[in-house]
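Q: Produce the entire structure from the sequences given, and follow the hints as far as they go.
Position 300, counted from 1, in the sequence shown is what my numbering calls 360; the numbers after and before it change by one each time, with no gaps.
Calculated directly from the structure, the hints in this document are not laboratory data. Virtual Cβ for every residue (Gly too), placed ideally from N, Cα, C. Errors might be hidden in some of the hints.
So the derived label-pair ranges between C-beta atoms look like this [stated by the list, open to error]:
1. D336 to S313: 27 to 35 Å
2. Y200 to P284: 19 to 27 Å
3. Q184 to L231: 32 to 40 Å
4. A229 to A129: 19 to 27 Å
5. G144 to A95: 21 to 29 Å
6. P284 to Q184: 53 to 61 Å
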Amino acid sequence: MNKRLISATAAACIALAGLSAPTSAELPVTINAGAGYWFFDHEVFGLEPEDGGTPYIGLEYALNDNWAADFLFADDETDFDGTGIDTDITTWQLGLKHYFGSGDRRFLPFVGFGAGEIEFEADQFDTVETTLNAGAGVRYMFGERISVSLESRAIYSVDESDTDVLVMAGLNFWLGDTGRGASSADDDGASAYGAGAAGSGDSGMDSDGDGVGDGQDRCPNTPPGTRVDLDGCELPVVQVASVKLMVNFATDSTVVGPQYFADLTELAEFLGRFQDLEVDVEGHTDSVGAESYNQGLSQRRAQAVVDLLVNEHGIARERLQAKGYGETRPVASNDTPEGRAQNRRVMATLEVEYEE
Numbered sequence: 061m062n063k064r065l066i067s068a069t070a071a072a073c074i075a076l077a078g079l080s081a082p083t084s085a086e087l088p089v090t091i092n093a094g095a096g097y098w099f100f101d102h103e104v105f106g107l108e109p110e111d112g113g114t115p116y117i118g119l120e121y122a123l124n125d126n127w128a129a130d131f132l133f134a135d136d137e138t139d140f141d142g143t144g145i146d147t148d149i150t151t152w153q154l155g156l157k158h159y160f161g162s163g164d165r166r167f168l169p170f171v172g173f174g175a176g177e178i179e180f181e182a183d184q185f186d187t188v189e190t191t192l193n194a195g196a197g198v199r200y201m202f203g204e205r206i207s208v209s210l211e212s213r214a215i216y217s218v219d220e221s222d223t224d225v226l227v228m229a230g231l232n233f234w235l236g237d238t239g240r241g242a243s244s245a246d247d248d249g250a251s252a253y254g255a256g257a258a259g260s261g262d263s264g265m266d267s268d269g270d271g272v273g274d275g276q277d278r279c280p281n282t283p284p285g286t287r288v289d290l291d292g293c294e295l296p297v298v299q300v301a302s303v304k305l306m307v308n309f310a311t312d313s314t315v316v317g318p319q320y321f322a323d324l325t326e327l328a329e330f331l332g333r334f335q336d337l338e339v340d341v342e343g344h345t346d347s348v349g350a351e352s353y354n355q356g357l358s359q360r361r362a363q364a365v366v367d368l369l370v371n372e373h374g375i376a377r378e379r380l381q382a383k384g385y386g387e388t389r390p391v392a393s394n395d396t397p398e399g400r401a402q403n404r405r406v407m408a409t410l411e412v413e414y415e416e
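A: Shown next, in the form of structure tokens:
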């Protein structure tokens with residue numbers, strides 16, 4: 061066997077030695093290794109290679125649930141028909157695979173395509189040809205990390221316009237996370253292209269494809285794309301609700317105008333919906349008058365709003381706190397009538413996250 065393939069195989073074996081102890085640095089990578097058989101329809105300087113077997117090794121990197129980048133390397137020796145001339149045949153191919161996952165994500169048909177090179181090296185000559193390839197196959201998952209595959213790939217020589225066929229059977233070793241979603245590109249909890257088909261739990265099957273094995277899945281038949289917890293049950297959707305109250309006042313007044321009654325009703329309904337909420341009702345003034353007087357005026361304005369919420373809308377007084385800030389927190393310039401009007405205000409802002 062050619063030294064290049066021995067080195068590649070040794071490197072793969074070293075990587076596989078860590079399978080029993082995956083780490084947090086796991087990547088969504090599959091190592092493929094096995095045996096192939098060449099069917100040549102190819103002439104090199106007028107000579108046709110004999111059909112024959114070859115070992116191969118490959119790598120796949122999961123891009124998302126269905127697509128993977130694919131690398132293939134195969135190297136072995138054969139003869140040219142009727143000549144006794146030995147030649148070393150080496151090929152590398154780089155491309156993409158698309159997996160069509162079935163319901164349980166264990167039986168995975170796929171197609172692939174790509175490009176690469178094939179080299180024929182003999183004592184008398186050495187030639188390298190550019191290739192395109194396309195193929196199809198199937199992978200069957202036996203557990204969380206191991207599967208078998210069968211694949212046929214047509215390899216077309218761009219330089220010679222000949223097409224050879226390489227049929228391969230092998231083992232596949234998944235190096236990525238075997239739990240939910242660590243390699244999922246769409247955040248649905250399913251590992252990429254079925255590599256997590258075994259999912260969590262004792263069963264090697266994941267019938268609803270949510271990344272949690274049937275043996276642990278307490279909520280079977282989860283719709284595709286649903287975010288799930290460790291038990292396979294749908295995670296609640298977090299929503300955000302908010303309300304803002306702004307009441308403006310005439311100079312030196314604590315009277316709440318009727319134009320603000322609808323806003324007070326909205327705030328009261330919000331507090332009725334979220335019974336655990338408490339709210340600070342903040343009062344403010346402009347800078348006209350003494351600072352100490354404005355401090356008391358802002359407190360009275362805030363208290364006027366609190367009293368309306370309690371007396372007219374039934375909100376518990378202990379959920380409301382009136383706070384006066386006087387003229388210390390203006391939102392506009394006190395040098396103009398318009399700015400002073402904006403500063404004479406009571407405001408309250410509430411925001412809450414809740415689950416549906």
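Q: Range hint 19 to 27 Å: satisfied by the CB atoms of Y200 and P284?
A: The hinted range 19 to 27 Å holds for Y200 and P284, with Cβ atoms some 22 Å apart.
Q: In this structure, is the beta-carbon distance linking Q184 and L231 contained in 32 to 40 Å?
A: Cβ of Q184 to Cβ of L231: about 37 Å, so the range 32 to 40 Å holds.
Q: Take the C-beta atom of A229 and the C-beta atom of A129, compute their distance, and say whether it sits inside 19 to 27 Å.
A: holds (22 Å)
Q: Could you check the hint for me, namely that G144 and A95 are 21 to 29 Å apart, CB to CB?
A: holds (25 Å)
Q: The hint says 53 to 61 Å between P284 and Q184; measuring C-beta to C-beta, is that right?
A: holds (58 Å)
Q: I want to verify a distance hint. Is the separation of the beta carbons of D336 and S313 within 27 to 35 Å?
A: Since the Cβ atoms of D336 and S313 sit about 34 Å apart, the hinted range of 27 to 35 Å holds.
Figure legend: structure checked against the earlier numbered hints; every hint is met.
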